[in-house]
Amino acid sequence: MPRTKIGVSTVKHLAWLTRIDLTDKEAREISKQLSRILEYFNKIDEVDTSGVEPLYHPLEMQKVARSDEPAPFPADEILKIVPSKKGRYVKAPKIV
Amino acid sequence: MAKIDLKNARRLAEMVKAGEVSAVEAVEASLSKIRELDDKINAFITVCSERALAAAEELDSRLKRSEQVGPLCGVPVAVKDVISTAGIETTCGSKMLKGYIPPYDATVVAKLKEAGAIIVGKTNTDEFAMGSTTEFSAFGPTKNPCDLSRVAGGSSGGSGAAVAAGMVPLALGSDTGGSVRCPAAFCGVVGLKPTYGAVSRYGLISYANSLEQIGPLASNVDDCALLYSCISGWDPMDSTSYRDRPKEAAPLREGAKIAVPKEFFGEGVEEAVSRRVWRGLDALRDRGFIIEEVSLRSLNYALPAYYIVAMAEASSNLARFDGIRYGLHLKSGFRDWNTYFSRCRAEGFGPEVKRRILLGTFILSAGYYGVYYLKAQKIRNILKSEFQQIFSRYDLIAGPTMPTTPFKIGERVEDPLLMYLIDVNTVPPNLTGHPAISVPVHREGELPVGLQLIAPYFCEERLFQAAKIVEESLRR
Numbered sequence: 006m007p008r009t010k011i012g013v014s015t016v017k018h019l020a021w022l023t024r025i026d027l028t029d030k031e032a033r034e035i036s037k038q039l040s041r042i043l044e045y046f047n048k049i050d051e052v053d054t055s056g057v058e059p060l061y062h063p064l065e066m067q068k069v070a071r072s073d074e075p076a077p078f079p080a081d082e083i084l085k086i087v088p089s090k091k092g093r094y095v096k097a098p099k100i101v
Numbered sequence: 025m026a027k028i029d030l031k032n033a034r035r036l037a038e039m040v041k042a043g044e045v046s047a048v049e050a051v052e053a054s055l056s057k058i059r060e061l062d063d064k065i066n067a068f069i070t071v072c073s074e075r076a077l078a079a080a081e082e083l084d085s086r087l088k089r090s091e092q093v094g095p096l097c098g099v100p101v102a103v104k105d106v107i108s109t110a111g112i113e114t115t116c117g118s119k120m121l122k123g124y125i126p127p128y129d130a131t132v133v134a135k136l137k138e139a140g141a142i143i144v145g146k147t148n149t150d151e152f153a154m155g156s157t158t159e160f161s162a163f164g165p166t167k168n169p170c171d172l173s174r175v176a177g178g179s180s181g182g183s184g185a186a187v188a189a190g191m192v193p194l195a196l197g198s199d200t201g202g203s204v205r206c207p208a209a210f211c212g213v214v215g216l217k218p219t220y221g222a223v224s225r226y227g228l229i230s231y232a233n234s235l236e237q238i239g240p241l242a243s244n245v246d247d248c249a250l251l252y253s254c255i256s257g258w259d260p261m262d263s264t265s266y267r268d269r270p271k272e273a274a275p276l277r278e279g280a281k282i283a284v285p286k287e288f289f290g291e292g293v294e295e296a297v298s299r300r301v302w303r304g305l306d307a308l309r310d311r312g313f314i315i316e317e318v319s320l321r322s323l324n325y326a327l328p329a330y331y332i333v334a335m336a337e338a339s340s341n342l343a344r345f346d347g348i349r350y351g352l353h354l355k356s357g358f359r360d361w362n363t364y365f366s367r368c369r370a371e372g373f374g375p376e377v378k379r380r381i382l383l384g385t386f387i388l389s390a391g392y393y394g395v396y397y398l399k400a401q402k403i404r405n406i407l408k409s410e411f412q413q414i415f416s417r418y419d420l421i422a423g424p425t426m427p428t429t430p431f432k433i434g435e436r437v438e439d440p441l442l443m444y445l446i447d448v449n450t451v452p453p454n455l456t457g458h459p460a461i462s463v464p465v466h467r468e469g470e471l472p473v474g475l476q477l478i479a480p481y482f483c484e485e486r487l488f489q490a491a492k493i494v495e496e497s498l499r500r
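For the record, the sequence lines run as chains P and Z. In terms of our numbering, the first sequence is residues 6 to 101. In terms of our numbering, the second sequence is residues 25 to 500.
Worth flagging that the hints you see were computed from the coordinates, not collected in a lab. Where is the CB? At the ideal position from N, CA and C, for every residue including glycine. Incorrect hints may have been included.
Said to hold, decoys possible - Part of the chain P face toward chain Z, derived, beta carbon under 8 angstroms:
#1 P7
#2 K10
#3 E82
#4 I83
#5 P88
#6 Y94
As the list claims (entries may be wrong) - Just so you have them, the derived chain Z footprint on chain P, three or more residues with Cβ under 8 angstroms:
#7 11-20
#8 23-29
#9 32-39
#10 63-75
Here chain P stands alone, though its shape is the one from the complex (with noise of 0.2 angstroms):
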């Protein structure tokens, strides 16, 4: 069943998963603006898709198996990007 409102406490649901921190009144604000857009969305209920298949990609899509090659990239190239690093590795805060 379509939906007609995001409330303040799904949105903090989806900031989690998502990994975004919102604050209280950021949460409010965009509960009634993704509310507002999801009740524009449910207009497509109206449509009878029974029997039709979903388009996923928009043309056919080609074979594009290649040879199992590897191509490398250099590692040094890479590691100029890295914002905070020590030695050759990426630094990271801790995970457990």
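Could you slot chain Z onto chain P? The hints should help.
Below, chain Z alone, put in the same frame as chain P:
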């Protein structure tokens, strides 16, 4: 020195090749125009003067050695800042990628260089190409060169404005739901969204993979066609680029038929827009084309279906920005990964990007996937069938590119839905993959209006042919 016309790429390339002007002079002309105008217009995020002049010098010495140079010989080109350029900062108009310098060139950028073009800078865009006015850029809005109080369109607004103001003859944009055609229409230039798969997306920082294509913007139809010919083609680095493209259909002849869906002139279309679009269609009729009104019944559902698909794909694509491997990095000591990640993404992304990530995630969540995402993809199929039915009887489809003339900066930016609604006529070809062009139909002194022409798959030549007729009719 011969006079340099920065609104004619083809002519400029010929002049550089013939030695009438040097590539350095061509690039200097462009850079000086940027210095003169861009404080006001804000079309560029990065201008790479030194790099461009060095490339131009190298090109000039190649010409001196009588080496072969491609069709864009010495032509200054601007590239939208969502397209990767090796050694040149690529921000996507976002704080999230401030300072990010890609280690490789997008395929289209490599192709530009091969063709002899000189990249003079990176153009402003709505953050991650999400917007229709360039007001969602973290680097401030781009102003419309025809009236600085008005929007330039978006998301490739910087590219549209740079071409319209004569800062560069050619620019690249990307078009996910109209982002090349909208600024083309609003700034009064020509812009093409190619057939899906005609141009490699390798190096285009992804927003919605199944919808987007890189496309050319130019001051005239011939230059647009020239740039398209230089960037299109199969690329092993993009598995969705087309290897065995069908042979181009025969050119349009007298009596070719153009379908005009009446829904393209629906609610919200300004009267001035309709009038000028019909002026363009009348020019085609005068040249022997048959113009007939048809119905595109699912058009009203294309816009919500488009935004559902685009947001779903965006939420997945933008998960990669973690503030660890490149771009934005927060200094102070965060103890754990989740806190760091969440703070970084809160600071790095602007409001529209956040909305699309959050709603896209909702749309894909259990219980709603079928109601929104799957349903939207089915509507996409219905729309494609409708297009195919029309193309079985007609050679082209036409209508207004944008429902309005360029409006004032700030007029719609506070209301996300109001902003989405102006994309109503541009999103269908992104959902179906068809090529579409926007060509100006206003006269000097009027606010810009674009006529949109849509063709069957890989029939870009037809678009150029018809657009050129419209262009010539306005010069008379």
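Hint-by-hint comparison with the structure:
1. With a cut of 8 angstroms, the hint placing P7(P) at the interface with chain Z holds, because the nearest CB-to-CB distance is about 5 angstroms.
2. For K10(P), the shortest C-beta to C-beta distance to chain Z is roughly 11 angstroms, which exceeds 8 angstroms, and the interface hint is violated.
3. About 4 angstroms separates the beta-carbon of E82(P) from the nearest beta-carbon of chain Z, less than 8 angstroms, and the hint is met.
4. At its closest, the beta carbon of I83(P) sits 6 angstroms from a beta carbon of chain Z; the interface hint therefore holds under the 8 angstroms criterion.
5. At about 4 angstroms, the closest approach between the beta carbon of P88(P) and any beta carbon in chain Z falls short of 8 angstroms, and the interface hint on this residue holds.
6. Taking 8 angstroms as the C-beta cut-off, the interface hint given for Y94(P) is violated, the closest approach to chain Z being about 12 angstroms.
7. With 5 residues having a Cβ less than 8 angstroms from any Cβ of chain Z, the region 11-20 of chain P passes the three-residue criterion, so the hint holds.
8. Requiring three or more residues with a Cβ within less than 8 angstroms of a Cβ of chain Z, the coverage given for the region 23-29 of chain P holds, as 5 such residues are present.
9. Chain Z is given as covering the region 32-39 of chain P, and this holds because 3 residues of the stretch bring a CB closer than 8 angstroms to a CB of that chain, at least three being needed.
10. Only when three residues or more bring their CB closer than 8 angstroms to a CB of chain Z does the claim for the region 63-75 of chain P stand; here the count is 6, and the claim holds.
Violation of the numbered hints given earlier is confined to hints 2 and 6; the remaining hints are satisfied by the structure.
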